[in-house]
Amino acid sequence: MNMTFIISLLEGLWGTVVLSVLTFIFGGLAGFLIALARISPVAALSKGTAVYIEIMQGLPLLVLMGLCFYGPGIFGYDSLTPLQAATFALTLYSSAYLGEIWRGCLQSVARPQWEAAECLGLSRWQRMKTVILPQALRIATPPTVGFMVQIVKNTSVASLVVGYAELSYNAKIINNSTFQPFLYFGIAALMYFAICYPLSVQSRALERKLNVANR
Amino acid sequence: MSPIVELKDVRKSFGALEILKGVTFGVNKGEVAAIIGQSGSGKSTALRCMDRLETIQGGSMVICGHRLQDSNIDLKALRRDVGIVFQSYNLFPHLTVAENVMLAPRLVKGIARAEARTIAEAVIAKVGLREKMDFYPEQLSGGQQQRVAIARSLAMEPKLMLFDEVTSALDPQLTGEVLRVMEQLAADGMTMILVTHEMGFARKVADKVIYMKDGKVHEMGSSDILRSPSTPELADFISEAAEH
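Keeping their order, the protein sequence lines are chains S and E.
Take 1 as the starting number for the first sequence in the numbering used here and just add one per residue.
Take 216 as the starting number for the second sequence in the numbering used here and just add one per residue.
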């Protein structure tokens, strides 16, 4: 085992964390807007986002990644870095899933809560902000943390297309020169597990805690 | 006396199913009107239309001067004038009793927090729950939750209060404490319309009793019609209700 390779894997791990965090920020923001649009009374907004979600959920992430990396170049726009392309593809992908998860959470807040707030004269946005969102947040936390684990693992897809130096990509490069796939992919696997396992545990703990609160 | 609620030939359908088939009645300021009738007679739908939770498709409905058949109606103004209390309380579970009550005065009327708290204290005391100000709804009994729901509406100083079967989810003991609060409101001169199964309460408090059947007003009059109904249908309904 060579120290240089371990450092390279740790750098890859950092690349994975950066890509995951960026995806979660942008995918989360876009997903939130999509969730709101999905339950909007404006038909064009709810139908439009429904189509968007269908398309994104119907595409393999690998294909999406390829489109985002090679696509801009075809249209003469080639200044997209691998990190930008990977973030863009993962944002498209995760916004569709998070949007759908959060739409379900918003709608699972009982309809009478909307009506009670409406009858008190609260505007649509006031109802959303003070009555619906705080309740939906409690419901949304466990599935959201669960999806974060998916995102961390799915960043590895970026290594196949866009050549962004994240954990899987660096493991692959090291294997190409050492021919010790089990060792270095094994270490990479442990590193993924070290990030994902605490998130999963956290998700289960939250689920238990929130279930007690809701009874 | 001027009517503050006026329904004329109100019609409402859900798809092909006509629920209200031409409902006409009026309620004057300060009056207590009880709407009674079997399940499916349209009484709850009529009440929900009055706060425009449902839109009407025919006829006219004027509530506190707001014409509900108009498409450009000022809903915010309507809901300042009208308070509604539901069967299932619908308190906001993530807010305390005081916060539930303060929410609308603060957001809709723009009243400062301290002043809103004073208003909340007054209305919560009125329903007899002053010591529960900082409790969460799940810590209260059903009857207490319903009284908080009444206080929450009162905090907006409505001109008209609507009650949609507010005691149907409560056992008899808790029903009593909610009815006493409503009786006090009636005595204070609040205009109230209640959809109810509590015949005894209707007899005691209502100035006007409206018996609905199959989407229409079948018989209407003072609470005397509960003692001496003039239609056989209302007589049947009363004797059936007495058996329960």
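If you are wondering where the hints come from, they were derived from the structure by calculation, not from laboratory data.
Mixed in with the good hints, there may be bad ones.
Computed list of lysine-lysine pairs in DSS-like fashion (alpha-carbon distance at most 30 Å, straight line) [to be verified]:
no., chain 1, residue 1, chain 2, residue 2
1, E, K291, E, K341
2, E, K423, E, K236
3, E, K419, S, K129
4, E, K244, S, K129
5, E, K223, E, K419
6, E, K428, E, K341
7, E, K324, E, K291
8, E, K428, E, K347
9, E, K223, E, K341
10, S, K129, E, K223
11, E, K374, E, K223
12, E, K374, S, K47
13, E, K291, S, K129
14, S, K47, S, K172
15, E, K236, E, K341
16, E, K291, S, K209
17, E, K347, E, K423
18, S, K209, S, K172
Over 12 Å on every C-beta distance to chain S, these chain E residues come out as not near it, computed from the model [said to hold, decoys possible]:
no., residue
19, E246
20, R267
21, L268
22, A292
23, R295
24, N305
25, E314
26, P320
27, R321
28, V323
29, A329
30, S368
31, A370
32, L377
33, M414
34, D429
We treat Cβ as the ideally placed atom computed from N, Cα and C, and that holds for glycine.
### Query
Hint numbers the structure violates, sorted upward?
Failing hints, ascending: 3, 4, 6, 8, 9, 10, 12, 14, 15, 16, 17, 18, 20, 21, 22, 23, 24, 25, 26, 27, 28, 30, 31, 32.
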